[in-house]
Amino acid sequence: MKNRISISILFILSGLLVVLIPTVLFPVCSAEKMKMACFFTKKAEIGLGVVIAAIGALYFFFKNEGVRLGLSLTQILLSALILLYPTKLIGICKSTDMACRVKTLPALIVVTVLLGVVSIGNSLYLAVFKKPE
Amino acid sequence: MSIRKGNNLFKNIASHGFYNACLLATILILSAILFASAVIRQSLNTGMDNMEKRLGSDIMLVPKGAKENAEDLLLEGSRNTFYFDASIYEKVSSIDGIAESTSQIFLKSLSADCCSSEVEIVFFDPETDFVVGPWIEEEYAKTLSGNQVIVGNSITVENGVIRLFGQEYPVVAKMAKTGTALDSSVYFSKETMPDVIAHAEEKGSFLTKEQLEGGIISSVFINLRSEAKLEKVLETAHQTIGDIFDVVYPKQLNTSLAGNLSRITGIVDIITYALGGLLVILLLLFHSLIMKGRKQEIALLRILGRTRRKLIRELLSELGVISLIGTIIGCLLSMLIVIPFGTYIGMQFQMPYLGPGVIKTLLTLLLIVFFVLVISLITSIFFILHVTHVEPYLALRREE
Chain L
1 MKNRISISIL FILSGLLVVL IPTVLFPVCS AEKMKMACFF TKKAEIGLGV
51 VIAAIGALYF FFKNEGVRLG LSLTQILLSA LILLYPTKLI GICKSTDMAC
101 RVKTLPALIV VTVLLGVVSI GNSLYLAVFK KPE
Chain A
1 MSIRKGNNLF KNIASHGFYN ACLLATILIL SAILFASAVI RQSLNTGMDN
51 MEKRLGSDIM LVPKGAKENA EDLLLEGSRN TFYFDASIYE KVSSIDGIAE
101 STSQIFLKSL SADCCSSEVE IVFFDPETDF VVGPWIEEEY AKTLSGNQVI
151 VGNSITVENG VIRLFGQEYP VVAKMAKTGT ALDSSVYFSK ETMPDVIAHA
201 EEKGSFLTKE QLEGGIISSV FINLRSEAKL EKVLETAHQT IGDIFDVVYP
251 KQLNTSLAGN LSRITGIVDI ITYALGGLLV ILLLLFHSLI MKGRKQEIAL
301 LRILGRTRRK LIRELLSELG VISLIGTIIG CLLSMLIVIP FGTYIGMQFQ
351 MPYLGPGVIK TLLTLLLIVF FVLVISLITS IFFILHVTHV EPYLALRREE
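From first to last, the protein sequence lines are chains L and A. Mapping of the first sequence onto this note's numbering: residues 1 to 133, in sequence order. Mapping of the second sequence onto this note's numbering: residues 1 to 400, in sequence order.
Excised from the complex, chain L in its bound form (with noise of 0.2 Å):
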């Protein structure tokens, strides 16, 4: 239960930084002028941070460690996405003094690493000690 708990929360918590980061805590460049890349990342992020949310919610919901195993090693793999949107799959502002380099790509990768760090040790978590059948 409190592995439920704890966790359902950190990735739910996770998922709105996700949302919250590119559009209200360390905002992309304005798109008032032009679309630039950052404004197509931030769309792709918001996408990003709700399924993030949504498996955090269901996490809550499944007693089964095998299935929570699985929805923990799919969070992985969503964190590592986070990143990738503005790295490599539709980048940001190449400008090294643009908003969304100077604050919004560090507050991914803090919260990439975060997530990282929380779904791969609760997988070896459930994998280890829990031993799914």
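Just so you know, the hints here were simulated from the structure itself, not pulled from any lab data. Please note: incorrect hints may appear among the correct ones.
EDC-like mimics (lysine to aspartate or glutamate), calculated; alpha carbons at most 20 Å apart, straight line [what the hints assert, rightly or not]:
#1 L:94 / A:195
#2 A:174 / L:65
#3 L:94 / A:158
#4 L:88 / A:68
#5 A:177 / L:97
#6 A:108 / L:97
FRET-style restraints, in silico, Cβ to Cβ [as the list claims (entries may be wrong)]:
#7 L:77 / A:390: 52 to 58 Å
#8 A:240 / L:91: 37 to 43 Å
#9 L:30 / A:256: 57 to 63 Å
#10 L:4 / A:304: 39 to 45 Å
Note that CB positions come from ideal geometry on N, CA and C, so glycine has one too.
Take the given structure of chain L and dock chain A to it, following the hints.
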């Protein structure tokens, strides 16, 4: 350490979970603060060193009214477009008392190209240059030919070329990282200026009348002869070209910047010492509480035959493990913030900022691990010695 001993060690740590968690949290915060402070200090100092190298001329002549923009350019690297007639350079460079002089033209790339490459374009004269040269010569010693360019360290180069205004320019050298806006500049030879302007115009970029007409320069950098008097040179310059220029003194800017740096590092130091001191007091408090709580247990272990030396070793091992875990997690968390957010931190301080490399970062981490282990040892040793030296009978009786 055998697996069994290791297990016992972790069991002992877990059996005093609450206090050890508090201890771990304190050490974690202390390490995070120390690491962040060390990295920020190093980055500011490296940025400042680079800035000193960059402000490499005695005086800089800029068009009248552009002094503030030129100072911003030197301190923050923001490229502003200000121009005067190119013939001024010839007139100024022949003034007696000038050892060397060079001119530069600044052209900020426009938003139409921002996504492919948002860069600051500088046209310089490789033959007379002594301002940009030192950065370039680190990797490249030849002159530029044709439409070749030299790029700052942050510029993305794909297949050895950079695309600007729809054209591809071969990159012959990449400058060393400076931590300043030089990193996002592209350096063209002056001869290529008409071509670049033409391509910019073709692409529909907004260009001023002066830029289109050509025959302009943005600034003249001057180094004086050692025996020359600045006032005399400036007076001659005024007589030669008239009162159409302002003078910027890069070295004075450097002094004021150094003052800012010492103020910022002073504030960083005060915050570090204040928080560090508070956390050390907390460590003392936790060690005292932990040892007080374990007095009875230690007395029992001594009655059961455990020697004092062995007990001290066990207690120090527990402390060492907690300190090590706390310090490493603290430093990693701190690293996760100060390294990715480096550029933002530098922008907030309005100072040149160049983060440390991997080796320097790892060395800082090791140094902090060692330092925190020593602090943990110093703050705990008295309580450990005290609790292991109390007579078991007295320790047990007091607990009754």
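Tested hints:
1. L:94 / A:195: Not satisfied, since the Cα-Cα distance of roughly 24 Å exceeds 20 Å.
2. A:174 / L:65: violated (53 Å)
3. L:94 / A:158: holds (13 Å)
4. L:88 / A:68: Given pair residue 88 of chain L, residue 68 of chain A is violated - Cα atoms ~39 Å apart, limit 20 Å.
5. A:177 / L:97: holds (15 Å)
6. A:108 / L:97: holds (14 Å)
7. L:77 / A:390: 52 to 58 Å: This hint holds: roughly 56 Å between Cβ atoms.
8. A:240 / L:91: 37 to 43 Å: violated (51 Å)
9. L:30 / A:256: 57 to 63 Å: Because 33 Å falls outside the window, the suggested range is violated.
10. L:4 / A:304: 39 to 45 Å: With Cβ atoms ~41 Å apart, the hint holds.
In the structure shown, a violation is registered for the earlier hints numbered 1, 2, 4, 8, 9, in ascending order.
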